[in-house]
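Visitor: Chains A and B supply the protein sequences, listed in that same order. Residues 1 to 220 in the numbering used here are what the first sequence lists, from first letter to last. Residues 1 to 158 in the numbering used here are what the second sequence lists, from first letter to last.
Read the hints as simulated data drawn from the structure, not as lab findings. Each hint should be verified, as a subset may be incorrect.
Chain B is faced by these chain A residues, among others (derived, beta-carbon under 7 Å) [claimed, not checked]:
hint	residue
1	N167
2	P198
3	N199
Simulated DEER-style distance windows between Cβ atoms [what the hints assert, rightly or not]:
hint	chain 1	residue 1	chain 2	residue 2	range
4	B	Y85	A	P43	46 to 54 Å
5	B	Q155	A	Q127	39 to 47 Å
6	A	G125	B	K87	31 to 39 Å
Virtual Cβ for every residue (Gly too), placed ideally from N, Cα, C.
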Amino acid sequence: MKKLFLLTALILVFSQAYSQDTLTRKGYIGLDVINSLPSVILPKQYYIRNTIIIEPYYLLDLPRPNRRLVLGTGFAHGSTHQHFGFDPSQHFKGAYFRAAHEIKKIRNPRKMLRIGYGPVFAIAGYQGKFRFDGPTFGDYEGDFKETNNVALGIEAYFGQDFKIGDNWLLRFTVRNVMGRRTNADTYVQYFPGFGFTPNGFNNRFLYSGGLSLQIHYNVR
Amino acid sequence: MKQLFPIALLLVGMIQQGCIDCGPQAELTARVYFSQDSLQLDSVYALKAVNQNAIAKQVKAYLGQQSELELPISMLADTTTYVFYFKDRIDTLSIYYERVFRYKGDCGFITDARKPSGRHCDATFSNVDVYYDTYARSGSLGFPFANPGTGISIQITL
Numbered sequence: 001m002k003k004l005f006l007l008t009a010l011i012l013v014f015s016q017a018y019s020q021d022t023l024t025r026k027g028y029i030g031l032d033v034i035n036s037l038p039s040v041i042l043p044k045q046y047y048i049r050n051t052i053i054i055e056p057y058y059l060l061d062l063p064r065p066n067r068r069l070v071l072g073t074g075f076a077h078g079s080t081h082q083h084f085g086f087d088p089s090q091h092f093k094g095a096y097f098r099a100a101h102e103i104k105k106i107r108n109p110r111k112m113l114r115i116g117y118g119p120v121f122a123i124a125g126y127q128g129k130f131r132f133d134g135p136t137f138g139d140y141e142g143d144f145k146e147t148n149n150v151a152l153g154i155e156a157y158f159g160q161d162f163k164i165g166d167n168w169l170l171r172f173t174v175r176n177v178m179g180r181r182t183n184a185d186t187y188v189q190y191f192p193g194f195g196f197t198p199n200g201f202n203n204r205f206l207y208s209g210g211l212s213l214q215i216h217y218n219v220r
Numbered sequence: 001m002k003q004l005f006p007i008a009l010l011l012v013g014m015i016q017q018g019c020i021d022c023g024p025q026a027e028l029t030a031r032v033y034f035s036q037d038s039l040q041l042d043s044v045y046a047l048k049a050v051n052q053n054a055i056a057k058q059v060k061a062y063l064g065q066q067s068e069l070e071l072p073i074s075m076l077a078d079t080t081t082y083v084f085y086f087k088d089r090i091d092t093l094s095i096y097y098e099r100v101f102r103y104k105g106d107c108g109f110i111t112d113a114r115k116p117s118g119r120h121c122d123a124t125f126s127n128v129d130v131y132y133d134t135y136a137r138s139g140s141l142g143f144p145f146a147n148p149g150t151g152i153s154i155q156i157t158l
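Whenever a hint applies, use it, and build me the whole structure from the sequences.
Guide: What follows is the structure, given as structure tokens:
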């Protein structure tokens, strides 16, 4: 939780620094609205269960036209699926920070696509219990735990903004993120800030992709 | 040709998946061979076992056609002791190993046993040789010459 506050403070500092600019450039504060929803509604089907993900965003137009700065932070706490006793559920907790430089590509006034890229920094910990059936000598149960797992990555995405009224913005992004983490004793199923990592991309090298739907409010 | 590329990629992926050695991911077994069974084995019991069924099954198979006994080893200790009942003789065998539980990609946690730093066995047989091999070979096994880990084998001379 402490890390989350620190990251939020960092974002506030950033936004203060940028707020000196002219009033013609817009700024939005937003929140990811679908990230944790499926894990609560469909805990059995979705790849994570009962997970809290809070992802606030800050969007700010840059002085150059069609350029935008995107700052995001996040906190995730939950667990993954239990597949087998030896492929157990992983309880994870982590905080992350992302920044992106976003470019608006205009082909015609109706077709607008936003492309963004930037760094992702995440710190997470996870733990769980694994179990092997022992019909002859009794079952074996072991623990695994990794704390302060730091990951650095690069994210790239396509995005689309939909204006709702004067002040609201619905934002949809398709994202790709890859990076490396410091400690990799146990393969990770979900890395906060990166997302679900498929087999082969879940050891020291992490790769993930996904969708994000955010709702934003105009603040300047 | 271009359309075939994703299919080819998928096939390569499937072959790769099929050749990762996860080991048994269950209670491990040691294979026991007797150099000659002139004494006629009657039954085998493991100490500290909660259920002897798996061992009884193996003895039955051994008395039938099977050339070796596959005896479960304990995941709860680095040693397992067996008592062998022959027609007019009783022998004991303790084997030692070092348990390994680790995470392996595409498998989840795997269980393995390796050569201990100390002695390999204690036995009342005239000679016992214990051979150690991993139960789960590391990395991909490489199609098509898959060579999975064979685990612990024990050669007993009565």
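Visitor: Can you give the numbers of the hints that this structure goes against, from lowest to highest?
Guide: 1, 2 and 6
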